[in-house]
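Chain order of the listed sequences is A and B. Numbering-wise, the first sequence is residues 1 to 555 according to my numbering. Numbering-wise, the second sequence is residues 1 to 555 according to my numbering.
Hints were generated in silico from the structure; no laboratory data involved. Errors might be hidden in some of the hints.
Each pair may be met inside one copy or between any two copies, as identical chains are not told apart.
Straight line, CA to CA, 20 Å or less: simulated SDA-like cross-link-like pairs of lysine to any residue [as the list claims (entries may be wrong)]:
1) K240 x A529
2) K111 x S166
3) K240 x A537
4) K46 x D101
5) K383 x A368
6) K348 x T338
7) K383 x A367
8) K111 x L165
9) K240 x A540
10) K111 x A242
11) K99 x E50
12) K111 x D4
13) K111 x D68
14) K348 x G390
15) K240 x A524
16) K240 x E121
17) K125 x D68
18) K46 x E78
The structure presented is a predicted model; accordingly, all values stated were derived computationally and were not measured.
There are 2 protein chains.
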Amino acid sequence: MTIDRSTLRWNAWGTAGHQDQFAKADALWAFLADALKAPLPVTPAKTLAESTLASSALAFGDLAPFQDAGCDIGLTPEDRAFHARGDSYRDLLDLRAGKLDPAPDAIVYPKTAEACQRAVELADKAGLAVVPFGGGTSVVGGVTPLKGRHRGVIAIDTTRLAALLSIDRTSLRATAEAGIYGPELERRLNAEGVTLGHYPQSFEFSTLGGWVAARGAGQQSNRYGKAEDWLVAATLATPKGAWRTEDFPASSAGPRLTDLVAGSEGTLGIISEATFAIHERAAARDYRAYLFRSFEAGREAIREIIQAEIPAASLRLSDEDETHFFGALSRLTNPPKTMHKVEDAYLKLRGFGGAKCALIAGTEGDAALVAYARARIAEIARKHGGMGVGASPANRWFKGRFHGPYLRDPLLDRGVGVDTLETAASWADIPGLYAAVRGALLEATARVSPGGGQGICLAHISHSYHDGASLYFTYLWPRATGGLEAEVAQWEAIKSAASDAIAANGGTISHHHGAGTDHARWMAAEKGARSMAVLRALKAELDPNGTMNPGKLGL
Amino acid sequence: MTIDRSTLRWNAWGTAGHQDQFAKADALWAFLADALKAPLPVTPAKTLAESTLASSALAFGDLAPFQDAGCDIGLTPEDRAFHARGDSYRDLLDLRAGKLDPAPDAIVYPKTAEACQRAVELADKAGLAVVPFGGGTSVVGGVTPLKGRHRGVIAIDTTRLAALLSIDRTSLRATAEAGIYGPELERRLNAEGVTLGHYPQSFEFSTLGGWVAARGAGQQSNRYGKAEDWLVAATLATPKGAWRTEDFPASSAGPRLTDLVAGSEGTLGIISEATFAIHERAAARDYRAYLFRSFEAGREAIREIIQAEIPAASLRLSDEDETHFFGALSRLTNPPKTMHKVEDAYLKLRGFGGAKCALIAGTEGDAALVAYARARIAEIARKHGGMGVGASPANRWFKGRFHGPYLRDPLLDRGVGVDTLETAASWADIPGLYAAVRGALLEATARVSPGGGQGICLAHISHSYHDGASLYFTYLWPRATGGLEAEVAQWEAIKSAASDAIAANGGTISHHHGAGTDHARWMAAEKGARSMAVLRALKAELDPNGTMNPGKLGL
Chain A
1 MTIDRSTLRW NAWGTAGHQD QFAKADALWA FLADALKAPL PVTPAKTLAE STLASSALAF
61 GDLAPFQDAG CDIGLTPEDR AFHARGDSYR DLLDLRAGKL DPAPDAIVYP KTAEACQRAV
121 ELADKAGLAV VPFGGGTSVV GGVTPLKGRH RGVIAIDTTR LAALLSIDRT SLRATAEAGI
181 YGPELERRLN AEGVTLGHYP QSFEFSTLGG WVAARGAGQQ SNRYGKAEDW LVAATLATPK
241 GAWRTEDFPA SSAGPRLTDL VAGSEGTLGI ISEATFAIHE RAAARDYRAY LFRSFEAGRE
301 AIREIIQAEI PAASLRLSDE DETHFFGALS RLTNPPKTMH KVEDAYLKLR GFGGAKCALI
361 AGTEGDAALV AYARARIAEI ARKHGGMGVG ASPANRWFKG RFHGPYLRDP LLDRGVGVDT
421 LETAASWADI PGLYAAVRGA LLEATARVSP GGGQGICLAH ISHSYHDGAS LYFTYLWPRA
481 TGGLEAEVAQ WEAIKSAASD AIAANGGTIS HHHGAGTDHA RWMAAEKGAR SMAVLRALKA
541 ELDPNGTMNP GKLGL
Chain B
1 MTIDRSTLRW NAWGTAGHQD QFAKADALWA FLADALKAPL PVTPAKTLAE STLASSALAF
61 GDLAPFQDAG CDIGLTPEDR AFHARGDSYR DLLDLRAGKL DPAPDAIVYP KTAEACQRAV
121 ELADKAGLAV VPFGGGTSVV GGVTPLKGRH RGVIAIDTTR LAALLSIDRT SLRATAEAGI
181 YGPELERRLN AEGVTLGHYP QSFEFSTLGG WVAARGAGQQ SNRYGKAEDW LVAATLATPK
241 GAWRTEDFPA SSAGPRLTDL VAGSEGTLGI ISEATFAIHE RAAARDYRAY LFRSFEAGRE
301 AIREIIQAEI PAASLRLSDE DETHFFGALS RLTNPPKTMH KVEDAYLKLR GFGGAKCALI
361 AGTEGDAALV AYARARIAEI ARKHGGMGVG ASPANRWFKG RFHGPYLRDP LLDRGVGVDT
421 LETAASWADI PGLYAAVRGA LLEATARVSP GGGQGICLAH ISHSYHDGAS LYFTYLWPRA
481 TGGLEAEVAQ WEAIKSAASD AIAANGGTIS HHHGAGTDHA RWMAAEKGAR SMAVLRALKA
541 ELDPNGTMNP GKLGL
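Chain A on its own, in the form it takes in the complex (with noise of 0.2 Å):
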């Protein structure tokens, strides 16, 4: 295990020595106010010993094979409290409000890629349902302990799995146990002068396993691809027995099965170890910020620059309200305001004082590549209208970009809610989807928010393709009262509401974070009953006992 658990939250994001930096931001508490039309009380969170969970199912005679087979147990309240959700808006509500039921029975910590395996059979025979768990991040209810039809469920931690294996420089391929976590694969990986360069929000936190699992993206998917393209191959603990995937780099013989691995999230056994494409550190990096006068003209510039196949590894547009609003949190908690004056002036002066949306273009590679793929870039911002605002603001952004999950425990801690989801669709379904769940969000939030108040929408593009691209949404609101059955109900009308608009108007449930148990409900109906069929005939075959991950993915 690479990060020692003790010393991160049970119920909030990051280590427990974090510090809030926005407790005693009162400007920007009194600028949320306002945008939301609320009064923001403070909602502080329940402690584990104000908590309910349930005594375990399970007796020591039930844990000593997993014992012998390899395995740690955890059993303590402390262990199952962190296992007991992942880090979505809905665990959130039942953790904080002291809610930990269902909590696994025990928690099962495999020492070997052999003794996972073992652990899965075991759990199979014994009746128990499996929950894998690497970092645990999901915002899905990915990792919510569902036992299904099973006598209890139990979850396999995979993060003492956690050896890089091996690095192949010829072909730059690496392989590497699933259950390690994002800081120190890169650790290793960045020592022997390489990178998988998988940077996602939750990298902090989160594993190799879950990434693959979860067909995640990270903030430079344009260059290292998403988590389908960049995963080689695969082994699974399945009940069935082990299953390695195949590791060419192309292949006609017959369908890839290596792609049914990215995305199962655990319903067809545990990622125990990845083969994933791993790339020479970038000699050279630039990334710098761009605005233009409309969303609209923004996209239209990444879509020119990814169909014309230059190279870029980051393209990220902030919507206007995002763009605004971001501004706005900087200059509450940076406040040198003579700079801002001189700022806004000039941006007045360039025809920028209005609505404007911010670009932050990142190229990494070699030196050529990035010198090419940086001025093709800066011709194309040109042609739609946009104007370079330097390197600050994009450094800016890569030096926070982990920071977002932060600011999501303060806002509880004073009324506010906030959620964020993520859609894509082609190209042409782009600004239909973009108005519809928009237009969704600000109608639901306003709806279910209490007394007069009102939601914040602020959305970007972050992740772009050939012949499309996804829209990712977070959104603010203020919380209901009365209590966590209020505040679940809320939650759920406005995430109906926005996974509605998204099935409407020709947008996928999920884009990186995966379906888990939120975006259950929505699998059907995209991926249509043929292919749903198609998906339980393959966990049928795997896990004919339902062992593995009740209640995800809609299976």
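Dock chain B against chain A, hints included.
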């Protein structure tokens, strides 16, 4: 149907009117006789009238429902002969020997996607096996009409499903019926200013659906992708009903089931429609040739180009023997001898007088991309000792890029066996794989050549990836005498030796030809028992009666 089938040869490549440019090239035949250490006897193919073809097992009453469902029916000997085999060497042995059995009992031509779906369901209910048939150019026995445990077998020929249904210029996607032939598809796309860019050697006579079913690769796959890369979504006619897969640019809502369609070889259903990525037609294009002192030097240049993310469209490196062979072929059939002498003197002066390897490097795209890629490729080629020899050898290759298959029939007419196979592996495995397969082919062809003859083995790299590349082998040998059985045994001995060498040295049994019947025997070892069980479970879900293309993929 966009090619009139009556204009095509039923037992050879191309149209009936095709002029064999090699029949009278005496110098070429002398060169080959010398290289193969064998006389080159005249070995003509049988005519259709001389061939044996059992009567159809089906009666009018069996076929009427297909007609009622909107299909045409083919029952003539010409039609059954055309659909009796694909275009593998093994297939040609049968066809040229007049052995047409097993042949399909009837050919069913659906006129709409709905009729195709109905035809599959009708066959399934009637206990007839179905061979999906597009252009019929499989070189691995992908369309062999095996009836399995069924009472008869029909070919469902998709070539009347040839509509280009839609073009989305914004998302750069198009949708077409799957039976459209390559030239007609590109003609219609080009008329709108776009291209799919998929140009396999079989391009003139193969179909969109066949490319997807076999997980094919075009010669510019570095830019346009392999079939599994450019396929966005597909509709399949399965015994359980129509199956439409997801069409998002990316998603994490479970595994992407479109990935299962590429390489399914008709075993799950018939691909009736496909949605695929398109590109604006390239404004610029640059193809040029380099000579390297060794295959290894050229291979390392390709690896560096690809791993530096330089946007090449095509990188094709011939080994020493292939470079020599095609050089000789070109000189023997285009003889201005003085020019050759000047060339030879120049090459000797530059140190390329002995063995050498030719690389054709092509880039396509907008002018800036082509300029960037060309310059970087030239720089890396130089670094590895490559010498630029200009655009004309590359343009000659480009002009003749569909000529390969036309060479086979004249060789077969003169006692020469010729076959190709291809594989792919990680860069680290490529040197060992190349040596092992080449060694196995030379050993086996010598072993099975009659009367002291020997084989020739040519190889090239034509598709490259971040983590590996393909290897493509062409091999010639003196044909066995003594009739079909002896010739099949001779071919099987060579094929087995090469395939075993592939399996033992980290290669896949096929990079882009598919598995068909010829590779079925190696599938289980390559995929593993668990993966084969997954494939069988998939098939059982969509095709519970085993109606669809029995005997392919090792299923």
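Hints, one by one, checked against the model:
Taking the shortest Cα distances, K240 and A529 sit within 20 Å of each other only across copies (11 Å), while inside one copy they are farther apart (26 Å). Taking identical chains as interchangeable, the C-alpha atoms of K111 and S166 lie at most 20 Å apart only when both belong to the same chain, with a minimum of 18 Å there against 54 Å between chains. Within a single copy, K240 and A537 get their C-alpha atoms as close as 14 Å, and across copies as close as 13 Å, so both meet the 20 Å cut-off. When the C-alpha separation of K46 and D101 is checked against a cutoff of 20 Å, the pair qualifies only within one copy, where the shortest distance is 14 Å, while the shortest distance between copies is 78 Å.
In this homomeric assembly, K383 and A368 come within 20 Å of each other (Cα to Cα) only across copies, at 16 Å, whereas the closest approach inside a single copy is 23 Å. Proximity of K348 and T338 under a CA criterion of 20 Å is satisfied intra-copy only: 15 Å inside one chain copy versus 72 Å between copies. Taking CA atoms no more than 20 Å apart as the test, K383 paired with A367 passes between copies only; the shortest distance there is 17 Å, against 24 Å inside one copy. Taking the shortest alpha-carbon separations for K111 and L165, only the intra-copy value of 14 Å comes in at or below 20 Å, while the best inter-copy value is 55 Å.
For a Cα distance limit of 20 Å, the shortest separation of K240 from A540 qualifies both inside one copy, at 10 Å, and across copies, at 18 Å. In this assembly of identical chains, K111 and A242 lie within 20 Å of each other by CA distance solely inside one copy; the values are 16 Å within and 46 Å between copies. When the C-alpha separation of K99 and E50 is checked against a cutoff of 20 Å, the pair qualifies only within one copy, where the shortest distance is 9 Å, while the shortest distance between copies is 83 Å. Taking the shortest alpha-carbon separations for K111 and D4, only the intra-copy value of 15 Å comes in at or below 20 Å, while the best inter-copy value is 65 Å.
Only within a single protomer do K111 and D68 lie at most 20 Å apart by alpha-carbon distance; the minimum there is 11 Å, versus 64 Å between protomers. Taking the closest pair of Cα atoms, K348 and G390 come within 20 Å of each other only inside a single copy of the chain (17 Å); across copies the shortest separation is 54 Å, beyond that limit. Taking CA atoms no more than 20 Å apart as the test, K240 paired with A524 passes between copies only; the shortest distance there is 17 Å, against 26 Å inside one copy. In this homomeric assembly, K240 and E121 come within 20 Å of each other (Cα to Cα) only inside a single copy, at 8 Å, whereas the closest approach across copies is 33 Å.
Only within a single protomer do K125 and D68 lie at most 20 Å apart by alpha-carbon distance; the minimum there is 15 Å, versus 53 Å between protomers. For a Cα distance limit of 20 Å, the shortest separation of K46 from E78 inside one copy, 14 Å, qualifies, whereas the shortest one across copies, 81 Å, does not.
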